[in-house]
Every structure is written in C-alpha cells, then in structure tokens.
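Residues per chain are reported as follows:
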Amino acid sequence: MYELWEAGEGVRLLLMGNEAMARGAMEAGVSVAAGYPGTPSSEIIENLAQAAWKKNIYVEWSVNEKVALEVAAAASYAGLRSMAVMKQVGMNVASDFLLHLAQYGTRGGMVLISCEDPGALSSTNEGESRPYAKMMEFPLLEPGDFQEAKDMTSWAFRLSEDLRTVVMVRSVTRLSHASGNVVLGELPQRRAEARFKYHGSIMDTMEGPIINLPGTVHVLRSSQQEKLKKASEIFDDSPFNRYEGPERADLLIITSSACTLYCKEAVRLLGLRDRVGILKLGTTWPLPRGLLERHLVRTERILVVEEVLPFMEDNMHALAAILAPSIGIKRFFGKLDGTIPMVNELNPDLLLKALCAILDIRYEAVSESYAGKAAEIASLGAPPRELTFCPGCPHRASFWSIHNALQLDNRDGFVCGDIGCYSLGAISCGFNTLKTLHSMGTGTGLASGFGKLRSFGMDQPVIAVCGDSTFYHAVMPALVNAIHNRSNITLIVLDNSGTAMTGFQPHPGLEKNALGQKAPAVDIPAVCKAMGAKVKVCDPFDLEDTLKSLLEMIEDEEGVKVLVLRQICALSPEKKGKKSFEMAVDEDACLGENCGCNRLCTRIFKCPGLIWDKQRGAARIDEVICTGCGVCASICPAGAIKKKEVA
Amino acid sequence: MSGPSVLASDPYNLIITGVGGQGNVLASRMVGEMLSQLGLHVTIGETFGASQRGGSVMSHLRISEESSFSPQIPRGRAHMVVALEPMEALRVLKDYGNPEIRVICNTRPIHPIGVISGEQSYSPLENIKKWIRSLSREAWFVDATEAAIRLGNPVLGNIISVGGLAATDALPLTRKVFEAVLTRRMSADKVGLNLTAFDMGWAMIRRAI
Numbered sequence: 001m002y003e004l005w006e007a008g009e010g011v012r013l014l015l016m017g018n019e020a021m022a023r024g025a026m027e028a029g030v031s032v033a034a035g036y037p038g039t040p041s042s043e044i045i046e047n048l049a050q051a052a053w054k055k056n057i058y059v060e061w062s063v064n065e066k067v068a069l070e071v072a073a074a075a076s077y078a079g080l081r082s083m084a085v086m087k088q089v090g091m092n093v094a095s096d097f098l099l100h101l102a103q104y105g106t107r108g109g110m111v112l113i114s115c116e117d118p119g120a121l122s123s124t125n126e127g128e129s130r131p132y133a134k135m136m137e138f139p140l141l142e143p144g145d146f147q148e149a150k151d152m153t154s155w156a157f158r159l160s161e162d163l164r165t166v167v168m169v170r171s172v173t174r175l176s177h178a179s180g181n182v183v184l185g186e187l188p189q190r191r192a193e194a195r196f197k198y199h200g201s202i203m204d205t206m207e208g209p210i211i212n213l214p215g216t217v218h219v220l221r222s223s224q225q226e227k228l229k230k231a232s233e234i235f236d237d238s239p240f241n242r243y244e245g246p247e248r249a250d251l252l253i254i255t256s257s258a259c260t261l262y263c264k265e266a267v268r269l270l271g272l273r274d275r276v277g278i279l280k281l282g283t284t285w286p287l288p289r290g291l292l293e294r295h296l297v298r299t300e301r302i303l304v305v306e307e308v309l310p311f312m313e314d315n316m317h318a319l320a321a322i323l324a325p326s327i328g329i330k331r332f333f334g335k336l337d338g339t340i341p342m343v344n345e346l347n348p349d350l351l352l353k354a355l356c357a358i359l360d361i362r363y364e365a366v367s368e369s370y371a372g373k374a375a376e377i378a379s380l381g382a383p384p385r386e387l388t389f390c391p392g393c394p395h396r397a398s399f400w401s402i403h404n405a406l407q408l409d410n411r412d413g414f415v416c417g418d419i420g421c422y423s424l425g426a427i428s429c430g431f432n433t434l435k436t437l438h439s440m441g442t443g444t445g446l447a448s449g450f451g452k453l454r455s456f457g458m459d460q461p462v463i464a465v466c467g468d469s470t471f472y473h474a475v476m477p478a479l480v481n482a483i484h485n486r487s488n489i490t491l492i493v494l495d496n497s498g499t500a501m502t503g504f505q506p507h508p509g510l511e512k513n514a515l516g517q518k519a520p521a522v523d524i525p526a527v528c529k530a531m532g533a534k535v536k537v538c539d540p541f542d543l544e545d546t547l548k549s550l551l552e553m554i555e556d557e558e559g560v561k562v563l564v565l566r567q568i569c570a571l572s573p574e575k576k577g578k579k580s581f582e583m584a585v586d587e588d589a590c591l592g593e594n595c596g597c598n599r600l601c602t603r604i605f606k607c608p609g610l611i612w613d614k615q616r617g618a619a620r621i622d623e624v625i626c627t628g629c630g631v632c633a634s635i636c637p638a639g640a641i642k643k644k645e646v647a
Numbered sequence: 001m002s003g004p005s006v007l008a009s010d011p012y013n014l015i016i017t018g019v020g021g022q023g024n025v026l027a028s029r030m031v032g033e034m035l036s037q038l039g040l041h042v043t044i045g046e047t048f049g050a051s052q053r054g055g056s057v058m059s060h061l062r063i064s065e066e067s068s069f070s071p072q073i074p075r076g077r078a079h080m081v082v083a084l085e086p087m088e089a090l091r092v093l094k095d096y097g098n099p100e101i102r103v104i105c106n107t108r109p110i111h112p113i114g115v116i117s118g119e120q121s122y123s124p125l126e127n128i129k130k131w132i133r134s135l136s137r138e139a140w141f142v143d144a145t146e147a148a149i150r151l152g153n154p155v156l157g158n159i160i161s162v163g164g165l166a167a168t169d170a171l172p173l174t175r176k177v178f179e180a181v182l183t184r185r186m187s188a189d190k191v192g193l194n195l196t197a198f199d200m201g202w203a204m205i206r207r208a209i
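Chains as they are written, first to last, in the working numbering: chain Y, 1 to 647; chain P, 1 to 209.
Worth flagging that the hints you see were computed from the coordinates, not collected in a lab. From the three backbone atoms N, C-alpha and C, an ideal C-beta is built for every residue, glycine too. Wrong hints could be hidden among the right ones.
Said to hold, decoys possible - When the alpha-carbon atoms are kept at most 27 Å apart in a straight line, the in silico DSSO-like pairs for lysine-lysine are as follows:
1. Lys129/P / Lys373/Y
2. Lys578/Y / Lys644/Y
3. Lys548/Y / Lys614/Y
4. Lys579/Y / Lys190/P
5. Lys94/P / Lys129/P
6. Lys190/P / Lys614/Y
7. Lys575/Y / Lys536/Y
8. Lys548/Y / Lys529/Y
9. Lys373/Y / Lys130/P
10. Lys94/P / Lys373/Y
11. Lys130/P / Lys614/Y
12. Lys578/Y / Lys94/P
13. Lys512/Y / Lys55/Y
14. Lys575/Y / Lys190/P
15. Lys642/Y / Lys578/Y
16. Lys518/Y / Lys578/Y
17. Lys55/Y / Lys229/Y
18. Lys94/P / Lys353/Y
Stated by the list, open to error - If you want the ones that stay clear, here's a sample from chain P, every Cβ over 10 Å from chain Y, calculated:
19. Asn127
20. Pro172
21. Val177
22. Ala180
23. Val191
24. Ala208
Using the sequences plus the hints, can you model the full thing?
As structure tokens, this is what we get:
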C-alpha cells in the first residue's frame with residue numbers, strides 16, 4: 001500500500017480503519033510513533049513504519065505499552081507531535097504512567113490510540129479503556145466510520161495542542177480491521193525540531209522541568225479541570241457529533257463508534273427514519289453538555305447504544321438528572337434495563353431486536369421455515385471448526401514434549417500459561433497442558449508464587465511458558481522475582497523468532513527493529529544466565545532431546561531453570577512455503593486401528609497436515625497443508641510416517 | 001455515481017468465506033478495491049486474529065452507491081456467497097442465507113480438526129451440494145483448489161473464485177479493473193499468474209452457466 005503515504009489530497013482509497021488512522025497521523029505531521037503489537041491495533045504502527053523514511057517519522061515497537069507511551073511522551077515534551085498505539089489490555093499496562101502524563105499535560109500534540117476488542121474476538125478479555133478518560137481526566141474521541149478514523153486522528157493532535165493534554169482515540173475491531181472508503185487530506189511538508197526545555201520555573205508547564213510532586217498536584221489537577229471544561233465547550237460544536245432524524249422523535253438513539261453503522265442499518269431496514277433519530281457522538285468524554293441539552297428535548301425516550309461497559313449510558317443518566325429542570329424527565333433504554341446486551345459485541349441484528357422491542361414492531365429477515373431448514377442443514381453438515389495450531393507449528397511439538405514430560409514425571413505437575421499463539425496450549429491442540437491463563441507475564445508471576453508453596457505441602461512441579469516477545473514485555477520482572485526469592489520453577493521460553501500472533505513484528509531479541517534497521521539483539525538465554533537461572537536451548541522439533549532436557553529440569557529441585565525452545569514460526573515470512581522434509585505415510589507399515597497406538601498421530605497429535613483416511617483405514621499426509629516439519633515421523637510408534645530431506 | 005444503477009440491490013451484500021490460510025481476506029480486498037475504483041462505496045468487515053489457526057474466516061462486503069454500511073451484514077440479508085470451502089458455505093447460509101441467495105462454492109474440503117481426529121465426519125460432497133442447492137436460488141460448484149494446484153500454488157483458489165464471481169455478472173467486476181488493482185498491489189512477476197487464475201475461474205463459471 002504505497003499509496004497510503006504517497007497519495008495526495010482528494011484521492012479516494014479503500015482503507016482499513018487502522019490504515020485510515022495511520023494516514024490521519026501522517027496528515028497531522030506526526031514525528032514519533034511507538035506501540036506494542038496487539039490485535040486489532042498492530043497495522044497502525046506497521047503502516048507508519050513503512051512511511052517512516054519518506055515522512056521523517058521515528059517509529060518503534062517498544063518493549064511494552066508503558067514504555068511506548070513514555071517514548072511518545074518524551075517526543076511531546078520535546079515539542080514534537082507524537083502518538084502511542086496499543087490494544088485495550090495495553091492501556092492497563094500503560095496506565096501507571098498515563099495518570100501522570102494526563103495530570104501534568106503535554107507540549108507537542110500527543111495522541112493515544114487504543115484499539116479495543118468488544119466480544120473478545122482475539123483477546124482473553126472484553127476489557128475496555130474509555131473509563132480511563134473519565135478516571136484520569138483527559139478527552140476521548142471515538143470515530144464512527146472509516147473517514148472519521150482518519151479525520152479524528154488528525155484532529156486529535158490539534159486538540160491536544162489547544163488543550164495541552166493527551167487525547168485518546170478509541171477504535172474497535174469492527175473499525176480497525178474493517179475497511180471503507182476514505183478521501184485523503186493534505187500531507188504537510190514540515191520539519192520538526194526537537195528540544196526539551198527545562199530552564200523555566202517548576203510551574204511553567206511549557207518550559208519548566210516536568211515534575212509531578214506532592215506540592216504541585218492540586219495546581220496541576222486544577223489546570224486539568226479547566227482543560228476538560230474547555231474540551232466540553234469545543235465538543236459542543238464539533239462536526240464529529242451529528243444528528244440525523246426528525247425534529248421530534250419517537251425515540252432518540254445516542255451512540256458512538258462502530259455502533260453508529262449498526263444503528264443506521266437497523267433504522268433503515270425497519271423504515272423508521274421519520275420516527276427515530278440518531279445522535280452520533282464522536283466526542284464521548286467529557287460529554288458535550290450544551291449539545292446534548294439541545295437534542296434531549298426532541299424526545300421522551302432515549303436508547304443509548306454502545307459496546308462493553310455502559311459508559312456513555314451512566315454518564316448520560318447523570319447528565320440527564322442535572323438537566324431535568326430544562327429537558328424534563330426522560331425514559332432511558334440501554335444496557336442497564338437489558339434492552340442492549342451487557343456482554344459481547346453488538347451488530348445490526350441486536351439493534352433490530354432492540355428497536356422492535358421498544359417500538360413494538362415485528363421484523364423477520366427470512367421465513368421461519370427457511371431459517372429452520374438452514375439451521376438443521378448446518379448442524380448436520382457444518383460442525384464447528386476448533387481452533388488449532390497451524391500445520392508445522394513449533395508449539396504443537398513443544399506442548400507434546402511438555403505434556404509427555406509431566407506425564408512421565410507423574411507428580412501432578414502443571415503449566416502456567418501466557419499470552420500468544422501458545423495460549424492454545426490450554427485446549428486440545430496443545431494437549432490441555434496450560435492450567436492458568438491471564439495477562440502478559442502472569443504465567444511466570446503465578447509460577448513464582450506457586451513455586452514457594454512447598455512449605456505448605458505442595459510438591460507439584462511448577463512450569464511456566466512464555467513467548468519470546470512476551471519475555472521482554474512482562475516476564476523479566478517476574479523471572480527476577482522467582483530467582484531472587486528462590487522459587488522452584490521451570491520457565492520454558494517458546495521462542496519462534498518474532499511476535500507471531502500479531503504478524504511477525506520484530507522484538508528486542510531480533511537483529512532488526514520496526515524500521516527494518518539492524519539492531520542489537522538482546523539474547524534471551526544470556527539474559528536468563530545473567531539473572532542467575534540454569535539455562536538450556538533446544539530445538540522443539542527434536543522431540544527426544546527436548547523431552548530429556550525437560551525431565552532433567554523438572555527433576556532439578558534447586559531454583560529457577562529456563563529452557564528456551566527455539567524454532568521459527570511455520571508462517572513467518574522467512575520460512576513460509578519452505579519444506580525441510582517431504583512427508584509420506586508408508587501404507588504397509590501403518591496398521592491403523594489394529595496398531596495399538598490408538599491413532600496417536602491423528603487422534604492426539606492432530607496436525608492438520610495429517611489426515612485419518614477412513615476408507616483406507618490408515619493415516620495420510622495432506623500435501624497441500626503439510627509444511628514438512630518432520631515431527632510426526634518421530635511420534636509414530638510403527639515408524640510408518642517417513643520423512644525425506646528436501647534438497 | 002451517476003446514470004442507471006449498476007447494482008442489483010443497494011447495498012449489495014457479498015460474503016467471501018473460507019478457512020484461515022486460504023487467502024479470503026486478500027480476495028475480499030481485491031474485490032473491494034475493484035468496486036471502489038468504479039466509485040462505489042465499499043465496506044468490508046473481516047474477522048481475523050485467530051484466523052490463521054484453522055478457524056472459519058468470513059469477509060462481509062457491503063457495496064453501495066450511497067454510503068458506507070455496517071461491516072456486519074444483518075442476518076438473512078446476503079445476496080451472494082463465495083465459499084472457498086464447501087462446509088463454510090453451509091455455515092454462512094445458516095446465518096445470512098435466504099431463498100434468493102446465489103452461491104459459488106470451491107469443492108475441495110479442508111477438514112476440521114474434529115474430522116481429522118475422527119470425532120466428527122465430513123459430509124459427502126454430494127450431500128453438501130444438494131443442501132446448498134436447496135437453500136439457494138442458484139449455485140455453482142468448481143474445484144478451484146485443484147485448478148490452483150495445476151497453476152503451482154493452491155492458495156490461488158481465492159483468485160480463481162474471484163474470477164468466477166466476475167463471470168456471474170452479479171457485480172461490475174471486469175478483467176480490466178482486476179488487472180489495474182493487481183498492478184497496484186502486487187509485484188510485476190505475480191500479475192500474470194493472478195490474471196491466469198482469474199481467467200480460469202471466469203471460464204469455469206461461464207462453462208457452468
């Protein structure tokens with residue numbers, strides 16, 4: 001997509017929400033952008049990294065979201081426009097610094113983008129971060145379509161400079177990872193100069209040292225209140241808050257973000273454009289009080305439509321109570337009365353249902369008989385597709401060995417999981433090996449705690465797993481903790497040479513950075529050794545060596561052991577399509593059901609490249625899917641799976 | 001856009017479905033860009049993230065002369081399904097099908113893990129074809145993967161299916177616009193092969209019509 005940073009003003013492109021936000025930042029002349037990969041946010045930094053050389057932008061994948069926010073803040077403090085990008089869970093990581101950033105304020109325009117995941121389509125939680133804007137007192141913008149994703153991101157930098165505060169732009173999966181048409185704006189020709197000014201007085205927020213101290217807090221927070229008041233006034237006239245509908249409405253929908261498109265669709269399908277108005281808010285904290293007062297008088301009934309928490313709804317209730325003398329008493333529908341589900345993402349159908357319930361109308365997309373027949377056929381012919389590791393995934397081999405080692409050890413040992421593709425180690429494709437799964441770094445933190453419970457009679461071996469990117473992100477402090485406190489654990493680093501789950505973004509363990517430049521690699525085994533752990537590196541495709549090493553480590557009762565299982569991701573651009581082995585099943589050697597192995601290869605190991613051929617009663621390689629990793633040859637007890645090295 | 005409508009319905013709702021790794025995200029993006037170049041408003045809703053790991057992947061395309069639409073099609077409202085995998089066609093019909101829907105279906109199955117392990121069975125293709133026909137106004141079945149393997153790469157099944165979609169005349173998709181989008185998005189050495197794939201798909205559907 002060279003066009004994203006080459007195309008000029010007025011050009012119309014089909015852009016992903018994330019591409020639109022990246023372009024918006026470029027149109028604002030962003031100088032520094034930092035983030036940590038996380039679905040659905042990663043493409044913003046990736047696109048900016050591609051534009052970095054031409055547009056003189058410094059772009060980095062930071063070690064975690066808190067550092068990303070700090071890197072971006074440094075640029076703002078030096079007078080540059082800067083941006084930090086993360087997914088909703090990253091906001092929690094960044095939040096400690098964010099409170100201080102918001103309290104003190106910014107210099108160069110600074111934007112924080114959080115791409116969130118209602119419905120947890122690719123997350124382990126349905127967390128959201130809009131309440132941070134209220135709790136930590138900074139403005140919040142929520143684009144309602146793809147054009148706004150670009151325009152609001154660009155405007156957020158100006159708003160930040162007008163108010164001297166960080167401005168948050170919140171997107172969701174259905175915008176970030178959806179695409180729509182966007183008309184581009186002008187790209188600036190500007191050369192930014194960085195200088196950190198600190199010679200002014202401590203109360204001079206533009207030229208003094210940037211210090212949050214007990215004695216200055218009340219002054220800083222008073223200034224924050226002024227900024228919020230000013231933001232609310234600006235928002236009253238913002239073109240990003242729009243009303244569509246009749247002068248007097250039977251029902252007023254107040255919504256924001258992707259929900260705007262769902263509301264429009266439902267109102268259109270039900271033919272309600274004369275009865276139902278939609279007030280779409282682009283500025284959701286602080287609320288535009290004057291604007292809301294003008295619109296709330298249109299109607300007696302209000303439906304608030306948003307995803308995850310009833311954030312706008314709660315705030316709207318509070319505002320309506322204050323405004324009651326002028327707007328009268330209103331009836332509210334939303335999440336709190338059950339009209340809109342509290343859990344999971346929304347879609348046009350849930351809006352159709354809500355509108356039908358409130359307005360007492362009927363809607364049927366297809367006849368009951370068609371729907372019934374389609375459902376019956378699908379239940380017969382389309383069983384669900386379970387998630388699994390990709391064919392040739394090193395994690396399948398790693399978990400095979402970990403599972404077997406724990407079985408052989410036979411002391412009821414267990415594995416604390418972490419965040420990455422290998423989280424699937426919790427389900428059958430990873431032989432149900434993980435027994436805890438939370439946030440990044442938590443596996444090792446929990447293991448550190450479990451490993452200290454020996455004096456309470458707990459004699460189970462304790463293992464933690466983490467990925468290579470996760471190791472740097474949040475595992476290092478937990479590992480230091482385990483080593484210093486003599487916790488008896490084994491940490492297995494599943495090193496597949498990149499941040500694989502989010503699309504192979506580089507991390508500090510690799511010899512290149514976000515800009516593709518050569519970078520010093522921070523070696524995981526060396527780091528662990530320096531910390532004081534016993535360290536070994538194995539290739540997980542070598543099942544025998546891996547199992548042996550694992551058993552040694554689990555049996556070693558002294559302190560912290562680290563096993564780095566190093567094998568590049570089967571989908572990585574360096575490896576994709578290159579087979580190490582041609583695989584084949586020797587039909588004479590495979591005894592099928594008569595073998596006594598109970599179909600170990602296809603029933604337990606379950607690589608998608610191996611198929612159970614019912615008719616022939618034998619296993620078979622699917623040559624379209626097999627990546628030729630060779631591991632299955634090692635698991636067949638009859639030696640029926642043959643591997644031939646590819647020259 | 002001016003002049004007579006180029007769309008049978010506004011919005012026209014197209015679903016491209018398949019399994020992670022089949023390239024349906026790229027296929028939907030190509031179709032979207034082709035239509036976008038004609039001045040149409042295109043909205044594409046995609047679910048990916050966990051999709052590389054053998055899961056179902058669906059792209060919703062909303063095509064309109066008026067505006068952007070919800071990236072999720074309302075239930076029962078799809079006009080056309082391009083299924084890169086037969087079982088996935090049934091899954092889409094359950095939620096988005098209606099008696100007027102049309103289906104292009106690649107006949108090569110990708111077995112779910114449950115089938116590989118013997119816990120589930122994959123229905124015979126003849127049954128799946130019969131079911132799809134019973135739930136649609138028109139259905140075409142092509143072995144796009146087999147054709148793609150002949151071209152040297154099974155993933156080209158996605159472009160063959162795009163060519164098939166163009167041949168139905170459901171949308172204003174032409175070879176010329178496809179070539180223009182290819183040239184913009186791909187390196188020169190890949191353009192020829194993709195055009196061949198597009199032509200193959202076009203011919204396969206034209207023969208079937």
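Structure-based check of all given hints:
The suggested pairing of Lys129/P with Lys373/Y holds, with an alpha-carbon distance near 15 Å, which does not exceed 27 Å. This hinted pair checks out: Lys578/Y and Lys644/Y have alpha carbons roughly 14 Å apart, not beyond 27 Å. Note on Lys548/Y and Lys614/Y: the hinted pairing is violated, with a Cα-Cα distance of about 35 Å set against a maximum of 27 Å. Taking the CA atoms of Lys579/Y and Lys190/P, the gap is near 22 Å; set against the 27 Å cutoff, the hint holds.
At most 27 Å may separate the alpha-carbon atoms for a hinted pair to count; Lys94/P and Lys129/P meet this at roughly 15 Å. Taking the CA atoms of Lys190/P and Lys614/Y, the gap is near 39 Å; set against the 27 Å cutoff, the hint is violated. Between Lys575/Y and Lys536/Y the alpha-carbon distance is near 24 Å, which keeps this suggested pair within the 27 Å criterion. This hinted pair checks out: Lys548/Y and Lys529/Y have alpha carbons roughly 20 Å apart, not beyond 27 Å.
Our distance criterion of 27 Å between C-alpha atoms is met by Lys373/Y and Lys130/P, whose separation comes to about 13 Å. Proposed proximity of Lys94/P and Lys373/Y is supported: the alpha carbons are some 8 Å apart, at most 27 Å. With a CA separation close to 23 Å, the supplied pair Lys130/P and Lys614/Y stays within the 27 Å bound. Note on Lys578/Y and Lys94/P: the hinted pairing is violated, with a Cα-Cα distance of about 38 Å set against a maximum of 27 Å.
Restraint check for Lys512/Y and Lys55/Y: the C-alpha separation of about 20 Å stays at or below 27 Å, so the hint holds. As the CA atoms of Lys575/Y and Lys190/P are separated by approximately 19 Å, the hinted pair is consistent with the 27 Å bound. The hinted pair formed by Lys642/Y and Lys578/Y meets the criterion: a straight-line CA distance of about 18 Å does not exceed 27 Å. Between Lys518/Y and Lys578/Y, the direct Cα distance comes to roughly 25 Å. Compliance with the 27 Å bound is thereby established for this hinted pair.
Annotation: proposed proximity of Lys55/Y to Lys229/Y is violated, straight-line Cα distance about 35 Å (limit 27 Å). Between Lys94/P and Lys353/Y the CA atoms are separated by roughly 19 Å; this keeps the pair inside 27 Å, and the hint holds. The Cβ of Asn127/P sits about 7 Å from the closest Cβ of chain Y, inside the 10 Å cut-off, so the non-interface label is violated. With a least CB separation of 15 Å from chain Y, Pro172/P remains clear of the 10 Å interface cut-off, as annotated.
Look at Val177/P: its CB is around 13 Å from the nearest CB on chain Y, clear of 10 Å, so calling it non-interface holds up. Under the 10 Å C-beta cut-off, the non-interface status given to Ala180/P relative to chain Y holds; the minimum distance is some 13 Å. Residue-level check passed: Val191/P sits 16 Å from the nearest beta carbon of chain Y, beyond 10 Å. Consistency note on Ala208/P: stated as away from chain Y, and its beta-carbon is indeed over 10 Å from all of that chain's, at 22 Å minimum.
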